[in-house]
Amino acid sequence: MKKAMSMEHLDAIEEIKKANLFGRGGAAYPTGIKWEQAYAIQKGPKYMVCNADEGEPGTFKDKHILSEDPFELIEGMTIGAYIMGAKEGYIYIRGEYAAIQKIVKSAIENAKKAGYLGKNILGREGFDFELKVVSGAGAYVCGENTALVESIEGKTGRPRQKPPYIKNCGLYQMPTILNNVETYSCIPWIIKDGGEKFSSMGTEFSGGTKLMCLSGNVNNRGVYEIPFGITLRELIYNLGGGIKDGRKLKFVHLGGSSGSCFPESMIDTKICYYDLKKAGFSLGSGAVLVVDDTHCVVDYLKTVMEFFEEESCGKCTPCREGNHRLVEILDKMTEGTATMDDFNKMKSLAQTMKTTSFCGLGQSAPMPLITLVKYFEEEFLEHINGKCRTGVCSMSGKAGK
Amino acid sequence: MDMINLKIDGFDVSVPKNTTILEAAKQLNIDIPTLCFMKGINEPGSCRVCVVEVEGWRGLHPACVTKVSEGIVVKTNTSTVREARKNILELIMANHNRECLSCPRNLKCELQTLCNDNGIDAIPYEGKVDKGCLDTSGPIVRDPNKCVLCGRCVSVCSKMQDVSAIDFAFRGAHMTVTTAYEEGLASQECINCGQCIKICPVGALQERDDTAKVWKALENPDLHVVVQTAPAVRVALGEEFGFAPGTNVEGKMVTALRRLGFDKVFDTNFSADLTIIEEGTELINRIQNGGKLPLITSCSPGWIKYCEHNYHDFIENLSSCKSPQQMFGAIAKSYYPVKADVDPKSVFVVSVMPCTAKKYEADREEMSVDGLRDIDAVITTRELAKMIRQAGIKFAELEDSKQDSILGTYSGAGTIFGNTGGVMEAALRTVADKLTGKSLECIEYTAVRGLDGIKEATVNIADMEIKVAVANGTGNASKLLDKIRAGEANYHFIEVMACEGGCINGGGQPIIKDKSTTDAVKAARVKGLYDIDVSCEKRKSHENPEIQKLYAEYLGEAGGHKAHKLLHTHYTAR
Ligand code: SF4
Ligand code: SF4
Ligand code: SF4
Ligand code: SF4
Ligand code: FES
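Here the protein sequences come in this chain order: A and B. Residue 136 in the numbering used here sits at position 136 of the first sequence, and the numbers go up by one each step. Each number in the numbering used here comes from the position in the second sequence (counting from 1) with 401 added on.
To be clear, the hints were calculated from the coordinates, so they are not data collected in a lab. Errors might be hidden in some of the hints.
The following label-pair restraints were derived from C-beta to C-beta distances [said to hold, decoys possible]: (1) 478(B) <-> 155(A): 28 to 38 Å; (2) 524(B) <-> 155(A): 27 to 37 Å; (3) 391(A) <-> 914(B): 54 to 64 Å; (4) 530(B) <-> 6(A): 57 to 67 Å; (5) 413(B) <-> 155(A): 39 to 49 Å; (6) 530(B) <-> 377(A): 28 to 38 Å; (7) 417(B) <-> 99(A): 49 to 59 Å; (8) 168(A) <-> 499(B): 40 to 50 Å; (9) 219(A) <-> 440(B): 58 to 68 Å; (10) 415(B) <-> 40(A): 29 to 39 Å; (11) 45(A) <-> 417(B): 25 to 35 Å.
Glycine included, C-beta positions come from ideal geometry on N, C-alpha and C.
With the sequences and hints as input, model every part of the structure.
See below:
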């Protein structure tokens with residue numbers, strides 16, 4: 001913080017650019033460039049907002065920072081406020097994290113008492129920054145930037161039409177810098193040790209370290225901080241201790257519920273934004289959900305789609321109705337009553353949802369479906385023929401167990 | 402102007418900056434389907450029916466809210482686009498009560514056309530999500546299970562009408578448009594204007610159907626059933642039977658009403674003239690005797706309810722005059738029975754109105770005299786058309802005929818009541834004559850005409866500067882009253898119509914299916930009424946001979962005791 005205050009604003013931003021820091025929320029936009037663009041906007045007041053609405057099943061890394069090291073986040077946001085000249089900031093934390101809200105609130109109070117927040121921060125005349133915790137009402141869509149901002153404004157959390165983008169016209173129609181908890185938490189480190197050092201811990205394309213949430217059928221579940229560049233196999237087998245009960249890995253669901261599912265044959269891919277993209281996946285929030293061969297892809301997918309059915313905000317047709325219908329068809333599949341027409345409809349619908357939904361939620365909701373169909377089409381076809389190879393689905397007596 | 406060049410479906414087009422893809426395509430005569438979009442009113446980009454491909458852009462993009470940019474290549478008709486459109490329409494239809502044959506919007510439904518045009522031949526999904534039950538609490542009937550969640554009604558109600566009686570609730574497939582706590586619309590601040598009905602693309606909103614009540618009365622031999630038709634009905638009814646908007650079908654309408662079995666066919670224009678005499682007198686009284694000013698017109702029941710809910714401090718400014726509809730009823734059950742020698746108790750008064758709020762107005766408790774309700778049934782222009790069709794009457798081929806006497810004669814002033822600014826102009830024609838004691842030649846107050854939101858004028862009458870304003874729609878009325886409250890404006894006389902454009906655009910008028918023609922249709926209806934005005938022999942209310950006779954024979958003095966008992970009312974803060 002002190003170092004940042006001794007730097008020129010643009011120099012500080014330059015360090016962040018050098019750090020090769022991509023947004024850790026899921027969209028993976030280069031943070032330095034985002035800040036540079038936001039800095040250039042000549043309109044104010046500007047707001048700092050933190051998305052701490054971590055709501056995706058399998059994602060729990062921000063929780064870790066919020067409860068174990070909230071000052072890192074606060075410092076990151078305050079540095080941002082210093083650079084942007086923002087006077088107010090908001091940390092939007094989901095209602096389900098009630099205990100964590102308390103921790104963060106008291107951290108803010110402490111920082112304020114010590115002169116790191118509030119008026120004339122660290123004695124610098126005119127450097128004022130107030131930080132508030134806002135509680136979300138528990139809607140996954142509020143992780144979407146514009147819906148989050150609507151929610152802070154007191155409206156129902158539903159996304160806004162873009163453009164205008166948040167950086168131009170965000171909270172109260174003012175320029176807003178919105179980042180995720182993990183992203184902000186990287187800032188103090190980058191300023192202190194320099195962008196190049198941060199970047200050197202990662203790959204050529206992805207700078208620094210990443211918090212990964214390892215869950216599912218794996219021995220050592222938890223949050224791991226890894227340098228970019230290790231493979232998923234290393235994460236799962238070396239750090240995670242392999243699959244439970246010595247079973248076989250069936251697929252990995254990467255990046256949270258809206259991420260891709262891919263089979264074991266692809267887990268030698270490096271955890272790096274570029275490598276993953278080349279393989280057709282995205283890192284998302286960094287969740288790695290390991291699924292072993294006791295699970296049925298159709299049954300698994302149905303559970304995932306039920307989540308989206310529940311969490312769709314309802315604003316646009318493809319997501320509002322589409323998720324509901326995907327669940328309906330998957331329901332039929334698990335019961336053995338689905339037909340080839342249903343299967344084809346499901347594929348076509350998923351494509352339409354991906355290309356026409358209003359916001360990221362609806363656009364990415366069909367990703368697990370699209371990828372599971374791609375890698376496990378056979379299993380879907382078996383279900384249409386009244387068979388579930390894992391014996392999980394009820395096939396009106398026709399189950400293949 | 403900065404021009405942007407782009408290609409749509411292989412054709413070059415050049416449009417100003419900030420144009421949407423939808424508008425740009427229109428220039429090339431390429432029709433991109435839309436559902437939720439209403440220019441300037443509702444642009445949520447949410448139904449996604451209008452999506453198109455843009456080369457190099459990820460995903461598809463809604464043409465209605467996506468602005469053009471230099472050099473883009475747009476494709477509106479590829480298999481991807483067609484498949485997406487079809488999928489989206491199937492999704493909408495799957496969660497929709499598909500009962501076209503028994504739907505009031507059948508054949509005028511935008512969704513029906515979209516499905517037809519986009520090759521929807523089967524619905525591949527099974528279940529339906531219950532989105533709530535039919536709301537029949539008041540004159541506006543809502544069927545959430547036919548709602549496609551376009552949000553047009555929500556926008557019109559909040560942005561145009563400044564009422565906000567309805568909004569979205571819940572999420573995902575359970576999302577619905579409903580009232581606060583899902584209560585009946587009648588218990589809300591809804592002003593029954595019906596603007597939501599007109600803008601709804603489907604049959605999710607409709608008026609309470611009162612035709613059965615009217616049929617029953619017509620078939621009752623003990624009843625003497627009379628009908629009045631509001632000025633704006635005659636220039637719109639024809640649209641239901643293939644006539645161009647604005648065509649005056651008064652003669653055929655009168656013939657049709659006789660065929661339907663009404664004992665007498667009268668005209669609200671007559672009581673509009675009567676209203677002018679009473680309201681004009683009230684204005685002169687208030688100006689000359691230091692009464693509460695500005696005087697605000699009271700003929701629009703939607704506006705009255707709006708004022709009762711939101712502007713309690715202006716209730717005393719409202720004219721105490723009943724609306725022309727109610728005045729007609731009061732006269733039809735007092736003076737008319739004496740003249741026609743019928744039992745007042747047997748007289749059943751039906752109104753044909755361009756307005757859904759008139760149903761509410763007729764139901765208001767205070768709208769009766771000596772135990773007799775002023776009005777017994779109100780049907781809209783649309784409902785009349787329905788009755789005419791039910792009766793098998795070939796409307797277009799009917800001969801013209803004339804209204805009955807004695808409540809059927811009217812002046813041009815009474816006619817223009819149907820337009821925004823019309824009441825003002827009609828009143829000024831009479832007030833000017835009364836104040837100057839002359840019969841003035843110059844009677845066209847064009848400053849108060851037209852479809853602007855707020856119109857202001859200062860007219861010099863008998864050396865007095867009379868300041869007037871016309872508010873077009875309750876949203877504009879609210880703006881005007883706020884200015885007065887803040888001391889930034891003051892007037893002697895204000896006209897307010899709840900519906901934008903006045904009754905020609907009332908909530909009971911024929912549905913304009915192609916919403917892009919709305920402005921043209923409105924303008925044609927307006928012109929229709931002013932044309933009738935010009936063709937009238939008498940163009941001032943006080944020159945209407947039957948009105949003169951009514952006062953001479955029955956009412957006595959304008960604003961006098963008898964007039965007050967029959968023709969005036971009071972309001973309640975809500
Ligand atoms: S995709 Fe549409 S319905 Fe789904 S969350 Fe986004 S806006 Fe809401
Ligand atoms: S709203 Fe339209 S599509 Fe729906 S039932 Fe009525 S006519 Fe048919
Ligand atoms: S009738 Fe008018 S006030 Fe009532 S819901 Fe419809 S638009 Fe709103
Ligand atoms: S009621 Fe009609 S206008 Fe309102 S949201 Fe539903 S479909 Fe749209
Ligand atoms: S018409 Fe464009 S999204 Fe609905």
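Against the structure, the hints come out as follows:
{"no.": "1", "hint": "478(B) <-> 155(A): 28 to 38 Å", "in the structure": "holds, 37 Å"}
{"no.": "2", "hint": "524(B) <-> 155(A): 27 to 37 Å", "in the structure": "holds, 34 Å"}
{"no.": "3", "hint": "391(A) <-> 914(B): 54 to 64 Å", "in the structure": "holds, 55 Å"}
{"no.": "4", "hint": "530(B) <-> 6(A): 57 to 67 Å", "in the structure": "holds, 59 Å"}
{"no.": "5", "hint": "413(B) <-> 155(A): 39 to 49 Å", "in the structure": "holds, 41 Å"}
{"no.": "6", "hint": "530(B) <-> 377(A): 28 to 38 Å", "in the structure": "holds, 30 Å"}
{"no.": "7", "hint": "417(B) <-> 99(A): 49 to 59 Å", "in the structure": "holds, 55 Å"}
{"no.": "8", "hint": "168(A) <-> 499(B): 40 to 50 Å", "in the structure": "holds, 43 Å"}
{"no.": "9", "hint": "219(A) <-> 440(B): 58 to 68 Å", "in the structure": "holds, 60 Å"}
{"no.": "10", "hint": "415(B) <-> 40(A): 29 to 39 Å", "in the structure": "holds, 31 Å"}
{"no.": "11", "hint": "45(A) <-> 417(B): 25 to 35 Å", "in the structure": "holds, 33 Å"}
The structure fails none of the hints (numbered hints given earlier).
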